[in-house]
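Peer 1: The chain contents come next:
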Amino acid sequence: MPAVRGDGMRGLAVFISDIRNCKSKEAEIKRINKELANIRSKFKGDKTLDGYQKKKYVCKLLFIFLLGHDIDFGHMEAVNLLSSNKYSEKQIGYLFISVLVNTNSELIKLIIQSIKNDLGSRNPIHVNLALQCIANIGSREMAEAFGSEIPRLLVSGDTMDVVKQSAALCLLRLFRTSQDIIPGGEWTSRIIHLLNDQHMGVVTAATSLIDALVKKNPEEYKGCVSLAVSRLSRIVTASYTDLQDYTYYFVPAPWLSVKLLRLLQNYTPPAEDPGVRGRLNECLETILNKAQEPPKSKKVQHSNAKNAVLFEAISLIIHNDSEANLLVRACNQLGQFLSNRETNLRYLALESMCHLATSEFSHEAVKKHQEVVILSMKMEKDVSVRQQAVDLLYAMCDKSNAEEIVQEMLNYLETADYSIREEMVLKVAILAEKYATDYTWYVDVILNLIRIAGDYVSEEVWYRVIQIVINRDEVQGYAAKTVFEALQAPACHENMVKVGGYILGEFGNLIAGDQRSSPLVQFQLLHSKYHLCSPMTRALLLSTYIKFINLFPEIRTQVQEVFKQHSNLRSADAELQQRASEYLQLSIIASSDVLATVLEEMPAFPERESSILAVLKKKKPGRVPENEIKDNKSPTPVNNNHANEVNNTSSNSADLLGLSTPPTSIPNSGNTGVLLDVFGDIYSGKPANNSTSSASNRNWFVDPKNRDNLGVNNTGETIRKRIREKNHYEDSLFVCKNNGVLFENDLIQIGVKSEFRQNLGRLGLFYGNKTSAALQNFFPTLQWSEENNVKLSIQMKPVEPVLEAGAQIQQMINAECVDDYTDTPSIAVSFVCNKVPHKINIKLPLTINKFFEPTEMNGESFFARWKNLGNTNQQRSQKIFKATAPMDLQAAKTKIVGFGMQLLEGIDPNPDNFVCAGIIHMRSQQVGCLLRLEPNKNAQMYRLTVRSSKESVSVELCDLLADQF
Amino acid sequence: MMQFMLLFSRQGKLRLQKWYVAHPDKLKKKITRELITTILARKPKMCSFLEWRDLKIVYKRYASLYFCCAIEQCDNELLTLEIIHRYVELLDKYFGSVCELDIIFNFEKAYFILDELMLGGEVQETSKKNVLKAIAAQDLLQEDEAVEGALRDIGLL
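Protein sequence lines, in the order shown, are assigned to chains H and X. Counting in the working numbering, the final residue of the first sequence is number 965, and the numbers go up one at a time with none missing. Counting in the working numbering, the final residue of the second sequence is number 1157, and the numbers go up one at a time with none missing.
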């Protein structure tokens, strides 16, 4: 047993030894149960238990808890210890509470008084104990009880430095739970000026606090920029002896440096003050220079600390994205790291270079390292490093190196780790499509993908290759020939059969002239795979066969034989049975004219962004480089709050990248100018329950989820009809979703994609001309009064006055929520088509709930806030209303999630109820909102209650959401 | 911000856990199990960082103990390694060449030292001297109490 310092607890040490000596899990549990019984009886019976004994038993309980057992008593004894006049007892009491607290909320009320006493103590050690406890618990109650005391401690002149440090971080912790705790006004400048404090420890702690405050209110804390730059400047120019104990392995104050560099990443480079900007650049240069100096120590701690600062400086350089010279230097530095001995450095260098690759200034410089990166992908021993290399190759890819990079990735894919294959497949598919100049190359790449890693090729990938082949005449013959060859392999992946089946069904005629791929050979080749395939692929092949009857009447008999087979005509699978029998009848009854019309070649798909990209983004939210060189700088100030980003991506999972891709016009699209894009919601979401498919259109579907509208041409028409029925311009639909078709008639289709972050929103409106004539005098105008615009400020980019036949254009709209508002802005789109003027009014999906940030919280804090907000009638709004559609809890859930709040599951005692929490971001303020929706299935009624700190907001939210059910 | 720190042995036994975010006990156990398995499966020369859910995991092994921290995307991995190192140095200084047993038997001290180094998931005091001073001051308070107690016991006070 090792010696114990301070006043050891012998009983505890003996107990721990006993546990360690237990030979089996059972013995250990037995010993623990014995101890628990002992402690329980001591706590119950013996009234004369002294402080030491209480401390000892509480400590034992703590140990048992840390072994992974549940502890359901002893809390009161721990609370008693808090008020002990012996420090060691008090300290153990606090430790127990910190470790076990979030399980017992009643406890918190009991300890607040003890904490208050210690906070007021003259002994800084007691004060710090109290602060540590507040920070460990960090609950709403703590914020309420100590919200005024801690800021005072922080800035007061008589507070000791050690207490200030704890106070700063304690305040930060409370600020994270309740944002309103920080007083504004004169406090702002006092807090900012902590950056000038003499004591490095105080500055280090304060910088973390300021960083969080800046994220919430960048304008107010702007003054911190110049102070932070000065402080940083003093550190980077300091010699390592200057800062004494704050020098870590010869690196001056690495923690503070990193925090300051991080703080500065909340702002764009200080433009209005060239002096500050100059000094900052000097600092960054100095850091880059130091990286070239020989190390002052061989210890890894020295290199880690030094490089930590360097990487953070490079992050800032990338964030500022304004100094070409610095960006290129950063890139060279990272290039050196790529071949460093330390795996950690190689990993970080690859990661950081990914960001550099997206800057126009350094993109070329990054490309110089292509060889090394390819080697990393192939040779690194650690899969996480290889993964980073793949990410970087993806980010640095452009037209000039695409063929090489794609080829290397394909080669690597043959041996790549299973864990990263799926993502690599997506990346290869995206790059091949994006940079294809010759579509035969694209087809080769995708077929190779299927060959090498067929299991990892998702539906999106093979759908996409088909869309592209169908849209490009020049590649169809080549595609048919290549899939035909690929299908000849003895073992070929089912995905290859799918692609092969689809393409030969459409374009098999283009290679039928060659005896080696005559109609019968094609048919037999495909059918030789039939029995090995899943029902879904078989269904697809049956469609191919009926198409063959149209393309090659000479093999009609053989095809009909297949339809007639028992295994098809009487298949256990209803879909196969139905297809076989209907196709058979169609081939018997229909004249060749009818066949030719029904089985006509598929019309071109509208050009649109690859759906694969959306899948990749969903897989790795926030980690997929935009792959487009940034063209516009982010507005001042930038919010880097990563958690928000993740939330955003997950709540509107539809890709947001679409906004940055330039609009393309649809080539010879005829009358198919429907943005298939927006069908996504209907296909992939819940099967649209209101458009119960009529028998006639069901026939042609394998599964509404799969875009296999191979069957016949008129499927497209049915879909379009369904969309029209469904969409009939209901703007209330867009309260709970961000993307889709806003409006459609025979002339025009207007789609929208939108993304929101904090109080800012960006909408892309897509106008598609469905006619064969140009729309002249095309003017969308915003309908939003001046007085409304003060609350929700909207800017609309102008568009060209002519919308060509079949073309699609995009219009960007930026919105900022300044204050709460109730109305919804709309636009009037006026244009002239065939000399007839038209005017369409549509509401924009810019309701106030779009500015929600979902907030996680546990049941305890939810109901505490709920109660709090319910005290006055002004803050809540309630509606009880009858369900307009049959109650479907799954659909209701989708709507609620789409509404933008965090759905808190498992909190409400009634599992059918929904409770949610969120914060509405406005420039002027943030409004926290709670919501509860109680469906009553028997009565077919809903009760919806919204509580927030602002009545107008509660009422508006309640109105908006009630309309959805 | 650091979300949590775990100390566990090569055998996968958890020795210390510090959570800077509130999670239900069940989730904590699940996370702990998952991470211990993941990290123990990694080979010695591998990178000390890994992506896990939306967090970054930074870990390092010292003798028989693994130190593992979860940080957020914007946090600095290398410096987190050095937080671990600083903590090890502090433990080492305090216990005098620390070993796993010291942490098992004096887990409360390990917590107290960590609380001086970090607060609410952020670094509070990076100076080794200052942290040790704070811990020494705590111990002094205890020893005074102990002496006082002893004196009272023999009737001198």
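Careful: at least some of the hints might be erroneous.
[Unchecked claim] No more than 30 Å apart at the CA atoms, straight line, and that leaves these computed lysine-lysine pairs for DSS-like: (1) X:Lys1028 to H:Lys299; (2) H:Lys86 to H:Lys116; (3) H:Lys296 to H:Lys215; (4) H:Lys290 to X:Lys1028; (5) H:Lys797 to X:Lys1133; (6) X:Lys1133 to X:Lys1109; (7) X:Lys1028 to H:Lys893; (8) H:Lys299 to X:Lys1029; (9) H:Lys367 to H:Lys618.
No wet-lab data here; the hints were simulated from the structure. None of these values were measured; they are calculated from a predicted model.
Peer 1: Please go over all the hints and tell whether each is borne out by the structure.
Peer 2: Now for the hints, and whether the structure bears them out:
Between X:Lys1028 and H:Lys299, the direct Cα distance comes to roughly 35 Å. Violation of the 30 Å bound is thereby established for this hinted pair. Restraint check for H:Lys86 and H:Lys116: satisfied, since their Cα atoms lie roughly 17 Å apart, inside the 30 Å limit. For the hint pairing H:Lys296 with H:Lys215, the CA-to-CA distance comes to about 36 Å; that exceeds 30 Å, so the pair is violated. Of the pairs offered as hints, the one joining H:Lys290 and X:Lys1028 is violated, with about 42 Å between alpha carbons and a cut-off of 30 Å exceeded.
With a C-alpha separation of about 62 Å, the suggested pair H:Lys797 and X:Lys1133 falls outside the 30 Å cut-off, and the hint is violated. Straight-line distance between C-alpha atoms of X:Lys1133 and X:Lys1109 comes to about 14 Å, which keeps the hinted pair within the 30 Å bound. Annotation: proposed proximity of X:Lys1028 to H:Lys893 holds, straight-line Cα distance about 27 Å (limit 30 Å). Taking the CA atoms of H:Lys299 and X:Lys1029, the gap is near 35 Å; set against the 30 Å cutoff, the hint is violated.
Straight-line distance between C-alpha atoms of H:Lys367 and H:Lys618 comes to about 27 Å, which keeps the hinted pair within the 30 Å bound.
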